[in-house]
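In order, the protein sequences belong to chains B and W. So the first sequence is residues 1 to 164, counted in the working numbering. So the second sequence is residues 1 to 114, counted in the working numbering.
Treat the hints with care, since some could be wrong.
[As the list claims (entries may be wrong)] Capping the alpha-carbon separation at 35 angstroms, the derived lysine-lysine pairs in DSBU-like fashion look like this:
1) W:67 <-> W:2
2) B:111 <-> W:2
3) W:86 <-> B:148
4) W:2 <-> W:86
5) W:67 <-> W:50
6) W:86 <-> W:67
7) W:50 <-> W:2
8) W:2 <-> W:95
9) B:89 <-> B:111
10) B:111 <-> W:95
11) B:111 <-> B:148
12) B:111 <-> W:86
13) W:67 <-> B:111
14) W:50 <-> W:95
15) W:95 <-> W:67
16) W:86 <-> B:89
17) W:50 <-> B:89
18) W:50 <-> W:86
19) B:148 <-> B:89
20) B:111 <-> W:50
[Said to hold, decoys possible] Each pair of labels, with its calculated beta carbon distance range:
21) B:140 <-> W:102: 24 to 30 angstroms
22) B:50 <-> W:19: 17 to 23 angstroms
23) B:71 <-> W:40: 33 to 39 angstroms
24) W:108 <-> B:144: 37 to 43 angstroms
25) B:35 <-> W:72: 37 to 43 angstroms
26) W:108 <-> B:158: 33 to 39 angstroms
The set of hints was computed from the structure by calculation and includes no laboratory data. All C-beta atoms in this analysis are idealised placements derived from N, C-alpha and C, irrespective of residue type, glycine included.
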Amino acid sequence: MPPDAADCVEVDGDAEGAAPHFRMAFPAGSEAVRQALLRLRGELPRLGLAEPEIGTAEIVLAELLNNIVEHAYDPGAEGGIELECERRKTRLVCTISDGGGPMPGDRLPEKGLAATDVARQDLPEGGFGWFLIRELVEELSYARQDGKNIVRFGLGLGRPASEA
Amino acid sequence: MKLESTEQPFGLLVTVGDSRIDASVAIQFKDRMRELTAGTSGRILLDLSKVDFVDSSGLGAIVAALKQLEADQTLELVALSPTVSKVFRLTRMDKVFPIHETLQQASGSCADAS
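All chains, full assembly: derive it from the sequences and hints.
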């Protein structure tokens, strides 16, 4: 897809009984990510998610998407992000792909949170993102395929969509 | 980034008018907080009742806003949404900032920042 495309392809469960899901594509920029997350708030209830699951998904997606904007692509470079989320019974599975540079060492960063019981001037102002991601997801994987980064994560959901 | 401050009997009240403190406004937030809090003393209450989302960049900016205060000042947070509350709890920043459920509660208490 062209990097400036901002289309959104919504696909609810089709006639063949596919799991309810949706797809989005948007430019890798902080404003576009913000707009995508706002749109996501409208889409996730259709997959049967309720608060606080929507909030949890939003935190994880915000961190992964902003990470792409800030680190995968060079500053000022144009690029795109594709996102697909699918409801699978008691899980939400999301796949994010981008055409930016690979993760350092071809792996996802470990979580680590600097100490917070320290003097005010020593408090951490960063390093929260991967910590939040790894605290909240049930599964997380990374692959580099055909020049793209593909990150997939799963979140446990409280109840099946049919009962939601 | 909409931030407004008013002098109150209990200290300075800073109200966030936006619904998100995220990567796209984090630097603005930090700079605007510096402007609003410069030359003040005592408690600063940050009213987050209109904010429904804070990401890691926004959290970093709130921590930065604390670090740029005078040593005897406190930065206290008021009216966190469930999602915002979760971000503070998971990162243990709920132990760093005094957190109040309502402005009324905050204005009545003299929070211990320790």
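Against the structure, the hints:
Our distance criterion of 35 angstroms between C-alpha atoms is met by residue 67 of chain W and residue 2 of chain W, whose separation comes to about 21 angstroms. Straight-line distance between C-alpha atoms of residue 111 of chain B and residue 2 of chain W comes to about 33 angstroms, which keeps the hinted pair within the 35 angstroms bound. About 32 angstroms separates the Cα atoms of residue 86 of chain W and residue 148 of chain B, which keeps this hinted pair within 35 angstroms; it holds. Between the alpha carbons of residue 2 of chain W and residue 86 of chain W the distance comes to roughly 23 angstroms, so the proposed pair stays at or under 35 angstroms and holds.
The suggested pairing of residue 67 of chain W with residue 50 of chain W holds, with an alpha-carbon distance near 23 angstroms, which does not exceed 35 angstroms. The straight-line distance between the Cα atoms of residue 86 of chain W and residue 67 of chain W is roughly 22 angstroms, inside the 35 angstroms bound, and the hint therefore holds. The straight-line distance between the Cα atoms of residue 50 of chain W and residue 2 of chain W is roughly 11 angstroms, inside the 35 angstroms bound, and the hint therefore holds. Proposed proximity of residue 2 of chain W and residue 95 of chain W is supported: the alpha carbons are some 27 angstroms apart, at most 35 angstroms.
At most 35 angstroms may separate the alpha-carbon atoms for a hinted pair to count; residue 89 of chain B and residue 111 of chain B meet this at roughly 28 angstroms. Distance hint between residue 111 of chain B and residue 95 of chain W is fulfilled; the C-alpha atoms sit about 20 angstroms from each other, no more than 35 angstroms. Annotation: proposed proximity of residue 111 of chain B to residue 148 of chain B holds, straight-line Cα distance about 23 angstroms (limit 35 angstroms). Taking the CA atoms of residue 111 of chain B and residue 86 of chain W, the gap is about 17 angstroms. The hint holds against a cut of 35 angstroms.
As the CA atoms of residue 67 of chain W and residue 111 of chain B are separated by approximately 24 angstroms, the hinted pair is consistent with the 35 angstroms bound. Our distance criterion of 35 angstroms between C-alpha atoms is met by residue 50 of chain W and residue 95 of chain W, whose separation comes to about 22 angstroms. With a C-alpha separation of about 15 angstroms, the suggested pairing of residue 95 of chain W with residue 67 of chain W holds against the 35 angstroms cut-off. Pair hint residue 86 of chain W plus residue 89 of chain B holds up; C-alpha atoms about 25 angstroms apart against a cutoff of 35 angstroms.
Among the hinted pairs, residue 50 of chain W with residue 89 of chain B is consistent with the structure: their alpha-carbon atoms are about 34 angstroms apart, no more than 35 angstroms. A C-alpha spacing of about 16 angstroms is found between residue 50 of chain W and residue 86 of chain W, which places the hinted pair at or below 35 angstroms, so the restraint holds. Taken as a hint, the residue 148 of chain B and residue 89 of chain B pair is honoured in the structure, with Cα atoms around 28 angstroms apart against an allowance of 35 angstroms. For the hint pairing residue 111 of chain B with residue 50 of chain W, the CA-to-CA distance comes to about 30 angstroms; that is within 35 angstroms, so the pair holds.
Separation of residue 140 of chain B from residue 102 of chain W is about 37 angstroms and departs from the stated range, judged on CB atoms against 24 to 30 angstroms. Range check, residue 50 of chain B to residue 19 of chain W: Cβ separation about 20 angstroms, and the 17 to 23 angstroms hint holds. Distance hint check for residue 71 of chain B and residue 40 of chain W: the Cβ-Cβ separation is about 36 angstroms, which falls inside the suggested range of 33 to 39 angstroms. The hinted range of 37 to 43 angstroms is not satisfied by residue 108 of chain W and residue 144 of chain B, whose Cβ atoms lie roughly 55 angstroms apart.
Look at residue 35 of chain B against residue 72 of chain W: about 41 angstroms separates their beta carbons, and that is inside 37 to 43 angstroms. At about 36 angstroms, the CB distance of residue 108 of chain W to residue 158 of chain B agrees with the hint of 33 to 39 angstroms.
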